[in-house]
Amino acid sequence: MAYAGDDELLEHVTGKEYEFGFTTNIESDKAPPGLNEDTIRLISQKKNEPEWLLEWRLDAFRVWSEMVEPEWAHVQYQKPDFQAISYYAAPKKKAQLNSLDEVDPELRRTMEKLGISMEEQKRLSGVAVDFVLDSVSVATSFKEKLGELGIIFCSMSDAVQEHPELVKKYLGSVVPKTDNFYAALNSAVFTDGSFCYIPKGVRCPMELSTYFRINEAGTGQFERTLVIADESSYVSYLEGCTAPSRDENQLHAAVVELIALDHAEIKYSTVQNWYPGDENGKGGVFNFVTKRGICHLRSKISWTQVETGSAITWKYPSCILKGDHSVGEFYSVAVTNKRQQADTGTKMIHIGKNTNSTIISKGISSGYSQNSYRGLVQINKSAKNARNFSQCDSLLMTDHCGAHTFPYIEVKNSSAKVEHEATTSKIGEDQIFYCLQRGINEEKAISLIVNGYAKDVLNKLPMEFAVEAQKLLAISLEGSVG
Amino acid sequence: MLQIKDLHANIDGTEILKGLSLHIKPGEIHAIMGPNGSGKSTLASVLAGNEDYEITGGSVAFGDKDLLELSTEDRAREGLFLAFQYPVEIPGVSNINFLRTAVNEIREYKGEEPMSAGDFLKLVKERSALVELDGKLANRSVNEGFSGGEKKRNEVFQMAMLEPKLAILDETDSGLDIDALKIVAQGVNAMRSPERSFVVITHYQRLLDYIVPDFVHVLYKGKIVKSGSKELALELEARGYDWIKEEVSA
Ligand SMILES: Nc1ncnc2c1ncn2[C@@H]1O[C@H](COP(=O)(O)OP(=O)(O)OP(=O)(O)O)[C@@H](O)[C@H]1O
Ligand SMILES: [Mg+2]
Chain A
1 MAYAGDDELL EHVTGKEYEF GFTTNIESDK APPGLNEDTI RLISQKKNEP EWLLEWRLDA
61 FRVWSEMVEP EWAHVQYQKP DFQAISYYAA PKKKAQLNSL DEVDPELRRT MEKLGISMEE
121 QKRLSGVAVD FVLDSVSVAT SFKEKLGELG IIFCSMSDAV QEHPELVKKY LGSVVPKTDN
181 FYAALNSAVF TDGSFCYIPK GVRCPMELST YFRINEAGTG QFERTLVIAD ESSYVSYLEG
241 CTAPSRDENQ LHAAVVELIA LDHAEIKYST VQNWYPGDEN GKGGVFNFVT KRGICHLRSK
301 ISWTQVETGS AITWKYPSCI LKGDHSVGEF YSVAVTNKRQ QADTGTKMIH IGKNTNSTII
361 SKGISSGYSQ NSYRGLVQIN KSAKNARNFS QCDSLLMTDH CGAHTFPYIE VKNSSAKVEH
421 EATTSKIGED QIFYCLQRGI NEEKAISLIV NGYAKDVLNK LPMEFAVEAQ KLLAISLEGS
481 VG
Chain B
1 MLQIKDLHAN IDGTEILKGL SLHIKPGEIH AIMGPNGSGK STLASVLAGN EDYEITGGSV
61 AFGDKDLLEL STEDRAREGL FLAFQYPVEI PGVSNINFLR TAVNEIREYK GEEPMSAGDF
121 LKLVKERSAL VELDGKLANR SVNEGFSGGE KKRNEVFQMA MLEPKLAILD ETDSGLDIDA
181 LKIVAQGVNA MRSPERSFVV ITHYQRLLDY IVPDFVHVLY KGKIVKSGSK ELALELEARG
241 YDWIKEEVSA
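Residue numbers (the numbering used here), protein chains in the order written: chain A, 1 to 482; chain B, 1 to 250.
Keep in mind the hints are simulated off the structure, nothing from the lab. Note that this is a predicted model, so its numbers are computed, not measured. It cannot be assumed that every hint is accurate.
Stated by the list, open to error - Calculated pairs, DSSO-like style, for lysine-lysine (alpha carbon to alpha carbon, straight line, at most 27 angstroms):
| hint | chain 1 | residue 1 | chain 2 | residue 2 |
| --- | --- | --- | --- | --- |
| 1 | A | Lys-444 | B | Lys-165 |
| 2 | B | Lys-223 | B | Lys-165 |
| 3 | A | Lys-455 | B | Lys-125 |
| 4 | B | Lys-122 | A | Lys-444 |
| 5 | B | Lys-110 | A | Lys-455 |
| 6 | A | Lys-444 | B | Lys-223 |
Stated by the list, open to error - Calculated Cβ distances over 10 angstroms to all of chain B for the following chain A residues:
| hint | residue |
| --- | --- |
| 7 | Trp-56 |
| 8 | Arg-62 |
| 9 | Ala-73 |
| 10 | Glu-207 |
| 11 | Glu-410 |
| 12 | Val-411 |
| 13 | Asp-430 |
| 14 | Glu-442 |
Glycine is no exception: its CB is placed at the ideal position from the N, C-alpha and C atoms.
Working from the sequences, and respecting the hints, build out all of it.
So this is what it looks like as structure tokens:
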């Protein structure tokens, strides 16, 4: 059939303009561009941080200064000029909010455009939203209700002030401050992010949700997230991102650390939809993220991600399965379109006995994009009876895009069982024809087929998020006809 | 209902339909038989709007519309349904979700409101019963892992759900066991109405014992070379196609 040959149609169908490309006009307090020890002192001082944290940042900076940007990923880009970035920006109107109604009207409009209107948020009862705009949290909700259970859910800045002992104990404990180039940079200059602590035996009754948003032109984003689930606790954490459209590249280098203590469970879900750049790959967010969790005895960490945005995605949410009988899961859908490049996957490091990991990765490539899965399954000597199952599928929408799979498997214990399956397929023209013949238009047909393909992963998302993710997949792969 | 005049169609430069004409009135059932490779599925695909085929001549009127001017999805929305000879699998998409999308797309085209979830489920229950389709199949992914017979049953179930004006059944009987054949035929008969027409493509006269056609046509080398009543099917069953081939070449 002629669909794939109809480049024009496909381009039209898959080339929908970025829907959330708009800028919020909130006055900001912004540091001049450049990075040196003084910049770091400025950040630390602005945030009124304790001395140990300043030293921690400076250590990271000194190591970072000696590091070189890694080049092993299957991505090509103009390296950012780290001296041209401004490392601090804070909205001037930082209000103490008692209710969602007090949120800046400009910000509310932004959220409404994103389809997360306050009304909707309220209706989605049980979702507490910590909204991060330009590195500083401006709205935190449901704090009280969580407080009753002893759950701490706040901005990283507040956590540094109010819970310094927890921050000091766990910050950098999973992703050391000098772990890699981007993590070291983040450690030196992070301005805000989210902090979450679930006390022993507490099951967090609602999804904790943070919407990240890049707002200031030329402002790098260095978010820091720390989630600690104390013994026998449970938390489901949602992270969602969109960004306004820009002509210059925006760097984003976040670090997320998860700590699941004995018998605890953390579910961490992400929908990432940053500006991917235009048809020619101009503009778009560079997303270099380090996400890692550590599992103690009989604990579990699940990473679920739906990646549709960014010009470059470099991201490997990982699990260190330290405790015996601990479980790590990674479920991912990565969509690339136009000139986007994604190099994403996971690392499962098995240390404890009877540890178990599952990897399901679904890549969808369209346009002229490149989509790579890179995964490491490492079974250490101590990891007796470790199990891993990996499935990596790639779906190609056009003849110009690329899908690549780089599985690395290192097994040092012979009792381990590691299974890896991989498939690559082209979207079926016969499937599209079948849908058309039932009266379903091409756009909806592609959406149905792609969502069906990604179902195993989408099913892992919390309900409200799954709906949003489905919309996102549709938006990233189809356009409004006409 | 459907008026095909001197239809010519190519695939990859090879002419497959070579001047085919056929007139179907509302409520009629036309059986199309013919040797393998004669162009029966091609005719079905061309009518459904498969863009692999190039129409090089002739015309097709569907109601008051020029069928060949309509997009594939609009043909479906106008009421043309094709039960595929080889139904495709769509992993991860539930039959129910798929059909609900289809039903509502068709309703939207007609300017109707989407069907409520309750009404839809009621209809699913009623129509799946017509072909005795296992309720579990309705919730499974479209055709994924279905047996050959289940796929065919599912096609007829979809037909019953979408209530087309014209249904083309391409070898819906192949792969069905004897009991299933009766059930599927009953399902088709239940959907018969004075407004709804059927084109039944088959190799076996047996199906026509259950779905009794008004006309039987023989398609050979891209043309209808013989038409007759139900008795023609019996004759073909008894004598094969050689005598027809001889008649054509004579
Ligand atoms: N791409 C192609 N190029 C050339 N010829 C083709 C192509 N596709 C199909 N054909 C031919 O078109 C002819 C008609 O095929 P069609 O599927 O319509 O036959 P049919 O009558 O349905 O046969 P059957 O009874 O076996 O189902 C066959 O000879 C087939 O080989
Ligand atoms: Mg055929």
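>> If I take the minimum Cβ distance from Glu-410/A to any residue of chain B, is it greater than 10 angstroms?
In response: Consistent with the label, Glu-410/A stays out of reach of chain B, its closest Cβ about 32 angstroms off (over 10 angstroms).
> Does the claim that Arg-62/A lies off the interface hold, with its Cβ farther than 10 angstroms from every Cβ of chain B?
Replying inline: The assertion about Arg-62/A holds, with a minimum of 50 angstroms to chain B.
> Looking at Val-411/A again, its CB stays over 10 angstroms from all of chain B?
Replying inline: For Val-411/A, whose nearest Cβ neighbour in chain B is about 31 angstroms away, the distance exceeds 10 angstroms, so it holds.
>> Beyond 10 angstroms on every Cβ pair: is that true for Trp-56/A relative to chain B?
In response: 46 angstroms, holds
> Is Lys-444/A within 27 angstroms of Lys-165/B, Cα to Cα?
Replying inline: 23 angstroms, holds
> Quick one, are Lys-122/B and Lys-444/A close enough, alpha carbons at most 27 angstroms?
Replying inline: Roughly 24 angstroms separates the two Cα atoms, so the pair holds.
> Is the straight-line distance between the alpha-carbon of Lys-223/B and that of Lys-165/B 27 angstroms or less?
Replying inline: 24 angstroms, holds
> Going straight from one Cα to the other, do Lys-455/A and Lys-125/B come out at no more than 27 angstroms?
Replying inline: 25 angstroms, holds
>> For Ala-73/A, is the shortest CB-to-CB distance to chain B above 10 angstroms, so the non-interface label stands?
In response: 29 angstroms, holds
>> Holds or violated: Lys-444/A and Lys-223/B, Cα atoms, limit 27 angstroms.
In response: 36 angstroms, violated
> Taking the closest pair, is the beta carbon of Asp-430/A still more than 10 angstroms from chain B?
Replying inline: Nearest chain B Cβ is 5 angstroms from Asp-430/A, so the label is violated.
> Does the structure keep Lys-110/B and Lys-455/A at a Cα separation of 27 angstroms or less?
Replying inline: It is violated: about 31 angstroms lies between the C-alpha atoms, which goes past 27 angstroms.
Checked against the numbered hints given earlier, this structure breaks hints 5, 6, 13, 14; the rest are met.
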